[in-house]
Every structure is written in structure tokens, then in C-alpha cells.
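K.L.:
Could you put together the complete structure from these sequences and hints?
Residue numbers (our numbering), protein chains in the order written: chain B, 1 to 127; chain D, 1 to 180; chain G, 1 to 342.
Worth flagging that the hints you see were computed from the coordinates, not collected in a lab. The C-beta atom is built at its ideal place from N, Cα and C for all residues, glycine as well. One should not assume that every hint holds.
[What the hints assert, rightly or not] Straight-line distance between alpha carbons at most 35 Å, and here's what the computed DSBU-like set of lysine-lysine pairs gives:
| hint | chain 1 | residue 1 | chain 2 | residue 2 |
| --- | --- | --- | --- | --- |
| 1 | B | Lys127 | B | Lys35 |
| 2 | G | Lys205 | B | Lys94 |
| 3 | D | Lys168 | D | Lys8 |
| 4 | D | Lys109 | D | Lys8 |
| 5 | B | Lys127 | G | Lys253 |
| 6 | B | Lys35 | B | Lys94 |
| 7 | D | Lys168 | D | Lys109 |
| 8 | G | Lys161 | G | Lys149 |
| 9 | B | Lys94 | G | Lys253 |
| 10 | G | Lys253 | G | Lys161 |
| 11 | G | Lys149 | B | Lys127 |
| 12 | G | Lys149 | G | Lys253 |
| 13 | B | Lys35 | G | Lys161 |
[Stated by the list, open to error] A few chain D residues that don't get close to chain B, going by computed Cβ distances all over 10 Å:
| hint | residue |
| --- | --- |
| 14 | Thr15 |
| 15 | Phe19 |
| 16 | Thr114 |
[As the list claims (entries may be wrong)] Pairwise CB distance ranges (calculated):
| hint | chain 1 | residue 1 | chain 2 | residue 2 | range |
| --- | --- | --- | --- | --- | --- |
| 17 | D | Glu10 | B | Gln62 | 55 to 65 Å |
| 18 | B | Gly75 | G | Asp318 | 21 to 31 Å |
| 19 | D | Gly82 | G | Gly208 | 24 to 34 Å |
| 20 | B | Gly45 | G | Ser308 | 19 to 29 Å |
| 21 | G | Ser30 | B | Ser96 | 32 to 42 Å |
| 22 | G | Phe247 | B | Gln62 | 33 to 43 Å |
| 23 | D | Leu169 | B | Gly87 | 30 to 40 Å |
| 24 | G | Asp109 | B | Asn74 | 41 to 51 Å |
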Amino acid sequence: MMKNKKSLRRDIVLILCLLTAGLLICLTVWLFSGKGGTVVVRVGGTVVGEYSLYETRTLTLQGTGGTNLLRIQNGQAWIEDADCPDGLCIRTGKISRQGQSIICLPHQLVVEVQGVTSGNEIDINVK
Amino acid sequence: MNDKKRSKSERTIRTVALFGIMAALALALSWLEAQIPPFFALPGMKLGLTNLVVLLTLYRMGSPAAMAINLVRILLSSLLFGGFMALMYSLAGGMLSTTVMILLKRFGKFRPLTVSIAGGISHNIGQIAVAMIVMNTAAIGWYLCVLWLSGLVTGALIGLLGGQLIRKLPERLFPDHPPE
Amino acid sequence: MKKIRGLMILTAILFLTGGCSGAIQSEDDSEAYRELFAMDTVMSVRAWGDQAEAAVEEAAAEIHHLDTLLSVGNPSGEVGQINRNGSGTLSEDVRLLTERSLALWEETDGAFDITVYPLMQLWGFTGDHPAVPQEDAIRETVQLCGSDKLIFQDGILTLGKGQGIDFGGIAKGYAGDRIMTILQQHGVDSAVISLGGNVQCLGRKTDGSLWRCGITDPDHPQESDRFLGIIQTEDRAVVTSGGYERFFQEDGKTYHHIMNIRTGYPAETGLRSVTIISSEGLLADGLSTACFVMGETDAVAFWRQHRSAFDMILLTEDDRLLVTAGIGNDFSSERPFTVISD
Numbered sequence: 001m002m003k004n005k006k007s008l009r010r011d012i013v014l015i016l017c018l019l020t021a022g023l024l025i026c027l028t029v030w031l032f033s034g035k036g037g038t039v040v041v042r043v044g045g046t047v048v049g050e051y052s053l054y055e056t057r058t059l060t061l062q063g064t065g066g067t068n069l070l071r072i073q074n075g076q077a078w079i080e081d082a083d084c085p086d087g088l089c090i091r092t093g094k095i096s097r098q099g100q101s102i103i104c105l106p107h108q109l110v111v112e113v114q115g116v117t118s119g120n121e122i123d124i125n126v127k
Numbered sequence: 001m002n003d004k005k006r007s008k009s010e011r012t013i014r015t016v017a018l019f020g021i022m023a024a025l026a027l028a029l030s031w032l033e034a035q036i037p038p039f040f041a042l043p044g045m046k047l048g049l050t051n052l053v054v055l056l057t058l059y060r061m062g063s064p065a066a067m068a069i070n071l072v073r074i075l076l077s078s079l080l081f082g083g084f085m086a087l088m089y090s091l092a093g094g095m096l097s098t099t100v101m102i103l104l105k106r107f108g109k110f111r112p113l114t115v116s117i118a119g120g121i122s123h124n125i126g127q128i129a130v131a132m133i134v135m136n137t138a139a140i141g142w143y144l145c146v147l148w149l150s151g152l153v154t155g156a157l158i159g160l161l162g163g164q165l166i167r168k169l170p171e172r173l174f175p176d177h178p179p180e
Numbered sequence: 001m002k003k004i005r006g007l008m009i010l011t012a013i014l015f016l017t018g019g020c021s022g023a024i025q026s027e028d029d030s031e032a033y034r035e036l037f038a039m040d041t042v043m044s045v046r047a048w049g050d051q052a053e054a055a056v057e058e059a060a061a062e063i064h065h066l067d068t069l070l071s072v073g074n075p076s077g078e079v080g081q082i083n084r085n086g087s088g089t090l091s092e093d094v095r096l097l098t099e100r101s102l103a104l105w106e107e108t109d110g111a112f113d114i115t116v117y118p119l120m121q122l123w124g125f126t127g128d129h130p131a132v133p134q135e136d137a138i139r140e141t142v143q144l145c146g147s148d149k150l151i152f153q154d155g156i157l158t159l160g161k162g163q164g165i166d167f168g169g170i171a172k173g174y175a176g177d178r179i180m181t182i183l184q185q186h187g188v189d190s191a192v193i194s195l196g197g198n199v200q201c202l203g204r205k206t207d208g209s210l211w212r213c214g215i216t217d218p219d220h221p222q223e224s225d226r227f228l229g230i231i232q233t234e235d236r237a238v239v240t241s242g243g244y245e246r247f248f249q250e251d252g253k254t255y256h257h258i259m260n261i262r263t264g265y266p267a268e269t270g271l272r273s274v275t276i277i278s279s280e281g282l283l284a285d286g287l288s289t290a291c292f293v294m295g296e297t298d299a300v301a302f303w304r305q306h307r308s309a310f311d312m313i314l315l316t317e318d319d320r321l322l323v324t325a326g327i328g329n330d331f332s333s334e335r336p337f338t339v340i341s342d
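P.N.:
Rendered as C-alpha cells:
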């Protein structure tokens with residue numbers, strides 16, 4: 001056993017560095033993410049829909065190999081039900097802040113909160 | 001090398017057997033981990049039980065052995081329990097963490113606990129990197145935050161346990177690589 | 001020294017995590033835009049592509065061509081001549097429109113009918129001063145109407161006595177389909193057109209996202225930021241029909257321009273607006289009128305039989321908003337709405 005005090009100090013320094021880095025990441029993420037405005041849904045990297053966080057709706061999302069039931073209400077979005085094997089997307093719970101996301105790996109599904117856009121922006125008016 | 005009484009072939013047999021045992025152990029722990037209900041709320045968040053074996057191998061059998069056994073473990077467990085995507089995630093996480101651990105041990109002479117913490121974090125980061133590519137999402141800030149800290153905690157747990165194992169396991173089990 | 005190595009590894013990890021944000025950027029094609037007046041309304045064509053300018057030019061020419069051909073107000077146009085002469089040999093475009101109109105008439109059980117023209121004239125909707133006609137006149141005119149009295153044989157269309165045809169219910173939709181074909185022939189893969197409020201889009205927006213089409217709210221038809229709802233879509237025509245588009249008031253009562261050919265009066269079926277979403281403009285256009293005339297129950301039943309061909313958004317007079325299942329995920333509204341499934 002060659003371990004001495006000096007080597008112990010180096011270990012502590014590195015662990016503290018890693019801890020600080022982690023906390024800094026969390027702090028940055030927290031600082032730079034306000035309340036979200038829209039929910040973007042992607043399957044396998046392709047955008048399949050974009051919805052306002054403030055319009056109540058329940059969506060049946062077709063992922064690769066299964067479906068997830070997405071609920072949007074009062075500025076929050078969450079997966080209510082899913083037929084994926086792990087059910088992690090349900091456990092993720094409610095997301096509301098910009099940059100937060102729910103990921104269902106088995107279905108290659110990403111539900112992501114993005115910034116506030118005026119929900120009424122349109123490309124063209126149907127009359 | 002340092003044991004002249006033993007013939008070369010005897011050493012080879014011993015090494016092969018040890019490799020097999022360690023790979024089997026890692027595979028078993030992989031399976032065990034898959035049986036634990038997912039009490040963590042994020043994909044990629046894992047206890048990292050197999051890292052115990054990688055850690056042990058790294059300190060008692062050397063870097064090439066650690067890398068090889070982990071690679072075998074990943075390939076086999078993906079073949080047995082998961083699909084292609086699971087393989088990609090495991091490979092990214094496993095290879096990155098093992099590389100980081102090897103480098104830290106070799107060039108930094110850090111303790112098992114520290115090495116394990118860095119391994120836990122880098123394992124999660126490897127998985128995130130693949131997830132980012134697969135999902136085409138750059139907004140993984142929250143995941144990075146949560147997985148970094150969870151990797152730190154689980155890495156510490158495995159590191160404490162692994163440190164004990166490395167110290168307590170009898171020397172004759174690993175005759176070719178005595179503990180430093 | 002060793003501490004520095006450790007820090008270097010740490011930095012490497014940080015770089016690795018930060019360096020993977022591979023956003024895909026597509027090169028912007030050139031944009032072409034044209035606004036024109038045709039078919040008694042304002043039309044706009046917006047397209048992206050290397051040959052967008054030429055494509056839009058040809059699209060505008062096609063609109064003018066169809067306008068001349070189909071206009072009921074132009075006596076020298078093909079439809080104008082048929083209405084005056086009582087028969088005529090049909091050109092390619094008009095033949096196709098006639099065939100589709102007769103098929104739609106049959107499928108919708110007469111809710112869509114091009115022989116509505118005499119009624120529109122009687123009510124004055126073809127001119128500037130619509131008014132409620134005499135009851136006798138309405139009864140007489142109703143007798144004249146009906147696609148069953150049309151004879152279409154060997155490329156020659158013969159009208160019944162006193163009949164007139166008007167493709168107004170599908171002309172803009174057909175024009176939309178023609179424009180889509182022209183744009184595609186010029187390699188355009190992203191375009192959106194509005195033919196007097198009939199919207200049709202090609203592909204997706206250049207940034208890869210879906211087109212957001214805001215559907216006019218009958219309560220606020222003039223306001224540009226209040227909609228009945230927004231539908232997100234690609235490669236679809238979105239057409240709305242509603243009594244709020246063209247109407248007049250007489251003795252405190254409102255009369256709109258969507259005629260029920262059986263009664264001779266504006267269709268009163270409990271619907272305020274019908275929006276049809278379909279990959280075909282002609283179908284969307286024709287069905288928006290037909291479903292409005294059918295009313296909620298029949299329109300929903302019709303959708304159930306043809307659910308692969310179109311989807312729809314219904315607003316009823318008692319302010320219920322109904323959306324069919326095929327677009328349940330693509331529609332958003334500040335109003336509560338019900339999704340109709342099987």
C-alpha cells in the first residue's frame with residue numbers, strides 16, 4: 001500500500017472538480033431555461049408535431065414500435081400512458097421548463113419543451 | 001512474468017479462466033441490473049453494477065483486461081437482453097467510461113473510488129451523446145445535469161464497494177497482477 | 001504534472017459533451033411570390049426552389065386560363081357559352097371537372113350540384129345586389145335544378161331546360177391541384193398558395209416544419225390573430241366553407257350564399273363553418289360545400305365512409321367544435337373541441 005496523504009489530496013481534488021462541474025451544469029441549465037411555451041414532439045429525429053403548452057389536449061403519439069399518450073395541460077406536459085417496456089417516459093413526470101424533455105428510447109420519441117412563441121403565429125389564413 | 005516457477009502455458013490457462021470468470025460475472029451483473037425495476041426516472045440512469053467488475057479487473061488484471069472484458073460483456077448482454085440500439089448505448093457508455101477509468105488510473109494513479117466516480121459520469125455522458133445523435137436533439141441540458149450527478153453518486157457507491165473488493169480479495173486469485 | 005493530466009481528461013469530457021449539437025441546416029432556395037386577381041377573388045402563390053420564379057409565372061398563367069374557361073360571367077368562356085347555348089363540346093379541363101362534379105353529386109347524394117347556377121342568379125349572388133326572391137320564383141327554379149337532368153355523352157354536355165352550370169364550388173380547388181402539378185414540374189418542393197382563402201400547401205416549410213394554417217373564426221372573420229383553430233399540415237389542401245363568407249341581410253334575417261338545391265334557400269343545417277383537409281384541392285373544395293349542405297349528422301356519416309380521403313373541422317351553430325380523428329393530433333384551438341373517431 002503506497003497510498004499517502006498527497007495521493008489522497010489529488011483524489012479529493014478531482015472528485016470536487018467533478019462535483020463542481022456537475023453543479024455548474026445544473027446551475028447553467030436552470031438559469032438559461034425559463035418557462036416553456038411550446039411542446040415539440042419528435043420520432044426518430046423527425047418533428048411530428050408542435051403544440052402550445054397552454055392548450056389542453058391529449059395526444060396519441062405513434063413512436064417506432066409503440067404508442068405514448070401525451071397530455072398537455074396548464075403549461076405542463078407529461079406521458080400519461082405508454083406501451084414501452086420500461087415505462088420510463090411516464091416516470092419522468094411533468095415537464096414545463098424550456099429545454100426539459102421526456103425521452104422514450106424504445107419508441108425513439110422525444111417530447112421537448114421549447115421557448116415561448118405567440119401560439120397564434122400562422123403561415124396562411126384559410127377563409 | 002514475475003513468477004518463474006510457473007510455466008508459460010500454465011499462466012495462459014489461468015489467465016483465460018480468469019477472463020472467463022470475470023466476463024461471466026459482468027454478464028451476470030448486467031442481467032441482475034436489468035431485473036431491477038427502473039426506479040430512476042430517466043433512461044441512461046443506472047446503478048452500474050457491472051462497473052464493479054470493470055473496476056476490479058482494472059486494478060487487479062490491468063487495463064487491456066478491463067477493456068476486453070467490458071467489451072465482451074457489452075456484446076454478449078446486448079445479444080442476449082437487448083437489441084441493436086441497446087448495443088449502441090452500451091458501447092458508447094461502456095467504452096467511454098472504461099477509457100476514462102484506464103487513463104485516470106494509469107496517468108493519475110487515482111484511487112478506485114475516484115476512478116469509479118469519473119467512470120460513472122462518463123458512462124452516462126457516452127449514452128447521452130448517442131441519444132443526442134439518435135434523437136436529433138441538442139436540448140439535453142437537463143439530462144446532462146441529472147445524469148452527471150447521478151453518475152457521480154452511483155459511481156461513488158460502486159467505487160466504495162469496488163475499493164473494498166480490490167483490497168480484500170486474496171492475492172492468489174490474481175497472481176499475475178498483484179495490487180499496487 | 002499528474003494533476004494537470006487529470007484536468008486535461010476532465011476538459012476532454014466536457015468538450016465531448018458540448019461538441020455534439022449537430023443541427024441540420026438546409027440551404028435556402030430562392031423564394032418567388034405572386035399575387036393576382038382572378039375568379040372574383042385575391043390569389044397568392046408563394047414557392048421556394050431554384051426555378052420558383054418560372055414556376056410561379058406559369059402558375060399565374062394557368063389561373064388566368066382557368067378563370068377564362070370557367071367563369072360564368074364571361075360569355076365567351078367555355079362555361080359561359082355552354083350556359084348560353086344549352087350544350088357544348090368540352091375541353092380537357094371542363095370535361096374532367098364535369099366528370100368529377102357528377103361523381104361528387106352522386107356520392108354526396110346531391111349535396112354538391114353544379115346546376116345550382118339558376119338559383120344563384122335568382123338570389124342575385126352572381127351580381128352585386130342579392131335579395132330574397134319571390135317564393136313562386138324559387139319553387140320554379142328548384143324544379144329546373146338537378147344534375148340528373150344533365151346529359152353528358154361523347155364529350156358533349158347538354159343541359160336540361162332552363163339549366164345553367166357553375167363550377168364555382170370546385171374551380172378554385174381544381175386550380176390549386178393544377179398549380180401544385182406545375183410547381184412540382186419545376187422542382188419546387190415547398191410552396192403555399194391561397195386562392196381566395198382556399199389554402200393548399202406543397203411539402204413542408206423550408207425549415208422542415210409543418211405549415212400552420214389558421215382557420216378563420218366566423219365570430220372574428222376580419223381579425224388576423226384570432227382563429228377558430230390552427231391546423232398543421234403538409235401536402236394538403238385546406239378549404240373552409242361558411243355562411244359568414246358571402247351574405248346579405250333582409251328584414252333582420254341573414255341569407256348566405258351556400259344554397260340547398262332542394263329547398264332553393266340558403267342551407268340551414270346547424271353548421272356555421274366546415275373545413276375540409278384533403279390531399280386533393282378539388283375534393284376539399286367540393287366537399288366543404290357539400291358537407292355544409294349535409295349538416296353535422298350526414299357530414300360525419302359521410303366522413304366515416306370516406307375517412308381515408310379527407311378530414312374535416314365542423315363548427316356548429318351551438319358553438320361546438322368537432323374534428324375528425326385523422327387530424328386530431330394536428331389541430332389546436334383555444335376553444336374546446338371534440339375529436340370524432342369511429
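K.L.:
Each hint: holds or not?
P.N.:
We went through each hint and held it up to the structure:
1. At most 35 Å may separate the alpha-carbon atoms for a hinted pair to count; Lys127 (chain B) and Lys35 (chain B) meet this at roughly 34 Å.
2. Between the alpha carbons of Lys205 (chain G) and Lys94 (chain B) the distance comes to roughly 30 Å, so the proposed pair stays at or under 35 Å and holds.
3. With a C-alpha separation of about 27 Å, the suggested pairing of Lys168 (chain D) with Lys8 (chain D) holds against the 35 Å cut-off.
4. Between Lys109 (chain D) and Lys8 (chain D) the CA atoms are separated by roughly 29 Å; this keeps the pair inside 35 Å, and the hint holds.
5. Proximity of Lys127 (chain B) to Lys253 (chain G) is assessed by CA-CA distance (about 23 Å); at most 35 Å being required, the pair is judged to hold.
6. Under the criterion of a C-alpha separation no larger than 35 Å, the hint pairing Lys35 (chain B) with Lys94 (chain B) is consistent with the structure, at around 13 Å.
7. Of the pairs offered as hints, the one joining Lys168 (chain D) and Lys109 (chain D) holds, with about 19 Å between alpha carbons and a cut-off of 35 Å not exceeded.
8. Using a Cα cut-off of 35 Å, the hinted pair Lys161 (chain G) and Lys149 (chain G) holds, with the two alpha carbons roughly 8 Å apart.
9. With a CA separation close to 51 Å, the supplied pair Lys94 (chain B) and Lys253 (chain G) exceeds the 35 Å bound.
10. At roughly 32 Å between alpha-carbon atoms, Lys253 (chain G) and Lys161 (chain G) fall within 35 Å of each other, so this suggested pair holds.
11. Note on Lys149 (chain G) and Lys127 (chain B): the hinted pairing holds, with a Cα-Cα distance of about 33 Å set against a maximum of 35 Å.
12. Of the supplied pair hints, the one linking Lys149 (chain G) and Lys253 (chain G) holds, its CA atoms being roughly 33 Å apart against a limit of 35 Å.
13. For the hint pairing Lys35 (chain B) with Lys161 (chain G), the CA-to-CA distance comes to about 68 Å; that exceeds 35 Å, so the pair is violated.
14. Non-interface call for Thr15 (chain D) relative to chain B: holds, since the shortest CB-CB distance, roughly 25 Å, exceeds 10 Å.
15. Residue placement check: Phe19 (chain D) keeps its beta carbon more than 10 Å from all beta carbons of chain B (closest about 27 Å).
16. Consistency note on Thr114 (chain D): stated as away from chain B, yet its beta-carbon is not over 10 Å from all of that chain's, at 4 Å minimum.
17. Between Glu10 (chain D) and Gln62 (chain B) the C-beta distance comes to about 60 Å, which sits within the given range of 55 to 65 Å.
18. One distance hint, 21 to 31 Å for the beta-carbon pair Gly75 (chain B) and Asp318 (chain G), holds here, with the actual separation near 30 Å.
19. The hinted window of 24 to 34 Å between Gly82 (chain D) and Gly208 (chain G) holds, with their beta carbons roughly 31 Å apart.
20. Between Gly45 (chain B) and Ser308 (chain G) the C-beta distance comes to about 27 Å, which sits within the given range of 19 to 29 Å.
21. About 40 Å separates the C-beta atoms of Ser30 (chain G) and Ser96 (chain B), a value consistent with the hinted range of 32 to 42 Å.
22. Range check, Phe247 (chain G) to Gln62 (chain B): Cβ separation about 42 Å, and the 33 to 43 Å hint holds.
23. At roughly 38 Å, the beta-carbon separation of Leu169 (chain D) and Gly87 (chain B) lies within the given 30 to 40 Å, and the hint holds.
24. The hint said 41 to 51 Å for the Cβ distance between Asp109 (chain G) and Asn74 (chain B), and at roughly 44 Å that hint holds.
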